[in-house]
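**Student:** From first to last, the protein sequence lines stand for chains F and X.
Per this note's numbering, the first sequence starts with residue 1, numbered consecutively.
Per this note's numbering, the second sequence starts with residue 1001, numbered consecutively.
No lab work stands behind these hints, which were simulated from the structure alone.
Be careful, since some hints might not be right.
One-sided excerpt, in silico: chain F residues whose CB lies under 8 Å from chain X [what the hints assert, rightly or not]:
{"hint": "1", "residue": "Ala27"}
{"hint": "2", "residue": "Arg28"}
{"hint": "3", "residue": "Gly162"}
{"hint": "4", "residue": "Asp245"}
{"hint": "5", "residue": "Gln246"}
{"hint": "6", "residue": "Asp249"}
FRET-style restraints, in silico, Cβ to Cβ [stated by the list, open to error]:
{"hint": "7", "chain 1": "X", "residue 1": "Thr1241", "chain 2": "F", "residue 2": "Asp12", "range": "56 to 66 Å"}
{"hint": "8", "chain 1": "F", "residue 1": "Pro40", "chain 2": "X", "residue 2": "Ala1140", "range": "21 to 31 Å"}
{"hint": "9", "chain 1": "F", "residue 1": "Arg20", "chain 2": "X", "residue 2": "Ala1149", "range": "32 to 42 Å"}
{"hint": "10", "chain 1": "X", "residue 1": "Thr1098", "chain 2": "F", "residue 2": "Thr141", "range": "48 to 58 Å"}
{"hint": "11", "chain 1": "F", "residue 1": "Asp12", "chain 2": "X", "residue 2": "His1225", "range": "38 to 48 Å"}
Please read these numbers as outputs of a predicted model, since none were measured by experiment.
Backbone N, C-alpha and C fix where the C-beta goes; we use that ideal spot for every residue, glycine too.
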Amino acid sequence: MSPRAPLPLDLDTPLLVAHRLTKHYGARIGCEDVDLEVFPGEVLAVVGESGSGKSTLLALLASELQPSAGRVCYRQDGRLQDLADLGEAERRRLLRTQWGFVRQNPEQGLRMAVSAGGNVGERLMAVGERNYGTIRREALTWLERVEIAADRIDDDPRAFSGGMRQRLQIARNLVTHPRLVFMDEPTGGLDVSVQARLLDLIRSLVSDLGAAVILVTHDLAVARLLSHRIMVMRRGRVIETGLTDQVLDDPQQPYTQLLVASVLAA
Amino acid sequence: MTCLAPAPHLPGVNAASAVLRVAGVAKTFTLHLRDGLQLPVVADADLWVAAGECVALGGPSGAGKSSLLKMVYGNYRVDRGQILLQAGAQVVDIARATPRQILALRRARIGYVSQFLRVIPRISALDVVAEPLRDEGVPAEAASQRARALLARLNLPERLWSLPPATFSGGEQQRVNIARGFIASRDLLLLDEPTASLDASNAAAVIDLIRAKKAEGTAVLGIFHDAAVRDQVADRIVDVTRFGASA
């Protein structure tokens, strides 16, 4: 019985790797020295209070912000590529095709003056789909998957409730079967009952698609429900990381213990 | 029946061939919000469980029985020592495994029935039970069949099967939890008071399920507050108080 035998489980290669990722806003620290790996099909939650640097981190990972130091690499065609080496056109193509970004405010993630069907169809056109019938059929399928009635396909999202808008944003992002989805407080600002429905949708869709997700949330119950692993951030740094239920049930750091003790039931 | 020095009682079985070996495990909780108060759980835990046997953790409440199960499941961290699981040809030390390794072990090797069901909004009892099989790649229809059979065996009224368990009674939730824990084949099954909120006939159904698992070769490590239940399933009792910090 040899305790140090290597496992075959870790031969999987990461999809996204960040190394010593740092962002300073002048003298203020956005985030500092963050290392992380995300594997295919894995949901990683980044938790912390507002101002802890989690949204800055997400923007850096999605290459929406330029890091002050450190780098982010993404696996494409079998090799890890530094995102800084990609051209602007290539980065945009990634965002439209292999990546998704679900924002807390659906108005930032949707085109509000375009129909629901158009919002979903637009992403399909970005991956080269040109057949109108196919696009409309696929849009209908996805509206159904996010529980939006088929007869709302021609309505624009301004006529939708907050929960419906958020579901539409999820359909728009997942229709192209992305490999990696960034989510920034996807259930923030919604009623609890609306949240439950949305969480259940995210959970089942992500697992059906096998997408990797980096989820920023301040809500530990959301992290518990959706994520495999958790990273706790404070003042721009990662202070604790591990298996989600382990970090929440046996937190080591004083700040993590405070976070866990501050919620009713996570 | 109590036997503090584990002796091979099944033919050809000993610590060296165990599915699970816990060796020199220590665990203390540090409560930073209470001025760093130290809560020792265990100082030197040693035990093993072989395939096809059931080991019961004994000792008063607060002795660390549930915490030990949680350490074996990878839910609590370990300060010192090894938790070695025979996983096929490999041996994995759960005390040092990465989160991804632990998740992989939970998908394929370790089952755990906690005291309380963690309810997920909008997921039906049937799907809660079938999920471990679905995660293994069993087709939906086959997984659902197995889930139905188990829920029927545990006498959960059929009208409840399609409902999320949030509104179920404690005993009904526990039966969903047990069905979920027993549906898949695992090398190691951890049971935390599986019959605590069940009446006699349902407890008897669980005893049958545990015996069936043992017959399949599953190693079972459990906490059974009901001595009658324990005596019907356990091959050995390991007294956790002897792992204590003061021991």
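**Student:** Tell me the hint numbers this structure goes against, listed in increasing order.
**Tutor:** 1, 2, 3, 7, 9 and 10
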